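Peer 1: So you can see what is in the structure, the chains are spelled out below.
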Amino acid sequence: MDFAGSHILSIAQFERGHVERIFSVADAMGPYAQRKRVTKVLDGAILGNMFFEPSTRTRVSFGSAFNLLGGEVRETTGFESTAIAKGESLYDTARVLSGYSDVIVMRHPAEGSVAEFAAASRVPVLNGGDGSNEHPSQALLDLYTIKNEVAAHGGTLDTLRIAMLGDLRYGRTVHSLCKLLCLFSRVEVQLVSPLELRMPAEIVEQMRTAGLKVVESDQLEESIARVDIVYSTRIQEERFSSREEADLYRGRFRLNQSVYTAHCQPNTVIMHPLPRDSRDNARELDDDLNDNPNLAIFRQTDNGVLVRMALFGLVLDVADQVEKHSREVNWYTAGRF
Amino acid sequence: MDFAGSHILSIAQFERGHVERIFSVADAMGPYAQRKRVTKVLDGAILGNMFFEPSTRTRVSFGSAFNLLGGEVRETTGFESTAIAKGESLYDTARVLSGYSDVIVMRHPAEGSVAEFAAASRVPVLNGGDGSNEHPSQALLDLYTIKNEVAAHGGTLDTLRIAMLGDLRYGRTVHSLCKLLCLFSRVEVQLVSPLELRMPAEIVEQMRTAGLKVVESDQLEESIARVDIVYSTRIQEERFSSREEADLYRGRFRLNQSVYTAHCQPNTVIMHPLPRDSRDNARELDDDLNDNPNLAIFRQTDNGVLVRMALFGLVLDVADQVEKHSREVNWYTAGRF
Amino acid sequence: MDFAGSHILSIAQFERGHVERIFSVADAMGPYAQRKRVTKVLDGAILGNMFFEPSTRTRVSFGSAFNLLGGEVRETTGFESTAIAKGESLYDTARVLSGYSDVIVMRHPAEGSVAEFAAASRVPVLNGGDGSNEHPSQALLDLYTIKNEVAAHGGTLDTLRIAMLGDLRYGRTVHSLCKLLCLFSRVEVQLVSPLELRMPAEIVEQMRTAGLKVVESDQLEESIARVDIVYSTRIQEERFSSREEADLYRGRFRLNQSVYTAHCQPNTVIMHPLPRDSRDNARELDDDLNDNPNLAIFRQTDNGVLVRMALFGLVLDVADQVEKHSREVNWYTAGRF
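In the order they appear, the protein sequences are chains H, L and S.
Following UniProt numbering, the numbering of the first sequence begins with 1 at its first residue and continues without gaps.
Following UniProt numbering, the numbering of the second sequence begins with 1 at its first residue and continues without gaps.
Following UniProt numbering, the numbering of the third sequence begins with 1 at its first residue and continues without gaps.
For the record, the hints were derived by calculation from the structure and aren't laboratory data.
None of these values were measured; they are calculated from a predicted model.
Each statement offered as a hint is correct.
Under 10 Å between C-beta atoms, here's a sample of chain S residues computed to sit facing chain H:
no., residue
1, Ala4
2, Gly5
3, Val41
Facing chain S, according to a computed beta carbon distance under 10 Å, are these residues of chain L, among others:
no., residue
4, Ala4
5, Leu42
6, Ile46
7, Thr76
8, Lys86
9, Gly87
10, Ser89
11, Tyr91
12, Asp92
13, Val96
14, Gly99
15, Tyr100
16, Val103
17, Val315
Think of the CB as a built atom: it goes at the ideal place given N, C-alpha and C, for glycine as much as any other residue.
Looking at chain H on its own, in the form it has when it is part of the complex:
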């Protein structure tokens, strides 16, 4: 795959070299995302940010990433009012909308819809999430965060040990992350979930075929004892027959500071795709972790901007021109990160 002009639809597109290239460009985006410098490399370009399903953080993250490269954003949110709702085909929608911008990010509730849209688009399309199918920029930002966090303690993706907790059956983000980890054959994965919410067998099989060591368990404490990363996810009430049963499971997979201190090695990094639930009995990551420097959940969302800047830079083929179009910041930025 040559990035220039390509659609980014699925992590299955990527070989290891592609991922390393994205991460290298993301690194170079740091000074701009952190407002040490301003770049205008995409000044005059337009992003069509089409969210046919609501999302605040992914939508704003993509939009800000494009603005940070100097481009403009035209945005559509919601579904009821669109031509699609009046019976228009995705083919027509794509032919029309791709005449209005230089690149499109699309989220849509139906699996496969973004790929169908991309096939008819005249400009590159980035998948912002199509139902339970794919959300490639989330998987990339997770892996990018893992790489950076373990590097801070001298580790690499090649020697990674990671535990994933919670609803591994329905969680789109952990599925995508597992597939992406298959590019790194020496990774060790602990999958920790209620029996009812185990990781789909074909994904476990795919990891084992790729050479990864995978252990499944429903015991939290032992699973998080010797890992670099604990990746926690939501356990949703609606997956169980009663709220009481859900509460029981949530209680068993909850991480807080005392569990962390008792069972994790020092420097074990905590991640989560967010949002985390803050309601009583529904928390999977307690607030008392907020001051733990190894809580990386907000570094994840910050990294999302870098990774999305990198994707835009690569598909629009300006990744190497960013610095050339840059200058200093002239407004207040102290205390930003």
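Chain H is fixed; fit chains L and S onto it per the hints.
Peer 2: Just chains L and S now, kept in the frame of chain H:
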């Protein structure tokens, strides 16, 4: 009418010279819309894109057109949450909102509302559609497309032969197009519709008074046999007493590749205001036309951007400065059109 | 308080010097808001315009103010689709969203929510209204308008005489304005309302403690006879036991041209926070005042842009660099103000 500072509310404002001026400016916008060059002639200007009735394509088309000239877009969509819903007059809304931008595009469900708003506005207002009344930029983009399509085969608007199909009674776009065609006295028009959905008599009369040759019919095949343009529109179920009756009519006015090959001259161009229905039994233009090079429906929407750029350029009086504020594109644009 | 990097949450933050500094910067913003010049001092900066409760005018006013300084705006409106609705804490929302922009404006229906959000934000937060609690930019634009209007007739805030009419019990804007007026100890205030809708006693007390002269009344005519400013507000039907009772009160506090001529001194300025009701029997300011040059209600909303530009300029510490990054306007602006 001098364009600078004017409202664009109705096609009734235009004499032939105005239309020719708009089209000439639209032609000059080509390199910028097609990303061969970038212009920043409106850098620092703000468009208030006020859509009090939902519309994805018209809203995004106007917004992108303004961005392509270098300006910024502040957008409002929906109605429930506005001050108008709390009893504010259009006068007050216009006085307030016109303090926030340099030009306003407004869509509103009520006929005449945009003109009422414009009367109180302190900046130029472009009508983005006011109920069943007017949608002047659509009529202009249709006529601009017709001009370009017939020119490709050596024709001109002065010798145009056009057939309009479908719901001619309620279709706002064909009404406006007919009125605009009155500026070109030698045009020949075939109006093809179910009897229940004939073009309003006063519009037929207006065309005949202007010198146009108008034939009404409910027979598709003979009507499309000797025309340059076939302009198809939707037949909507709710116009008939039953779905069965609607399906019957839709069947009779449906265009597909075999009807086209059997009845149309080579190079007959197919147009449609979009969206076209893609649902079974509701299609007015079949998907098998998608590879027909004379299907101009996406060239229409692309032209919409050019025409809207031209309108902005003219009312803000920068049409002649566009090139002066331009430069080369530095991102990937291959395969765009 | 040093403005650079500060949150703007409440008018209680301001001493007299702060207000004077904001007004002085707002004055300097005039040429840019009126399109005599363009400044790009915030070129490359991003505003997160987060409206978790709908508002057209405040949202667009903040957004346009930021665009007028050269910055980009990423916007979120509505609530249902946000992570907050899925149980996310304001702490998490703030940590995440503050990674996407350089400054955030937030409106939220819950009192105190914006301050809670600001406590976790990594960038400055401006309160765009938190329920019935605070809306500091509205209070500032009101006071800025008062200052300018009285200055046009040789007056100052130190010798101001003002009457406030209508629902003084629930009106957030008059509460905030009264608190801000406490910085000017010689102001004379007439509070005119139905008995049921009197100004809360603690605010009256606060003004008297600050040295202001305060008179409460339910008689319109005598109260507006010797003031510089009449500040009218809405009387809402839902505050009364019946529509008839509401109409009775609304009738008694309605201002129109004949009441104005009969009872006000020449040059008495009429203000209103808008929207004003235009429905029969619900009007508090009649349309026949629209040609009265002392009707300042649209100068208020225009001033809102200046004050918001000033706030952005101060918290991002570019207030003194605006001119340095400026140039001439090249598009049509005649007749704008």
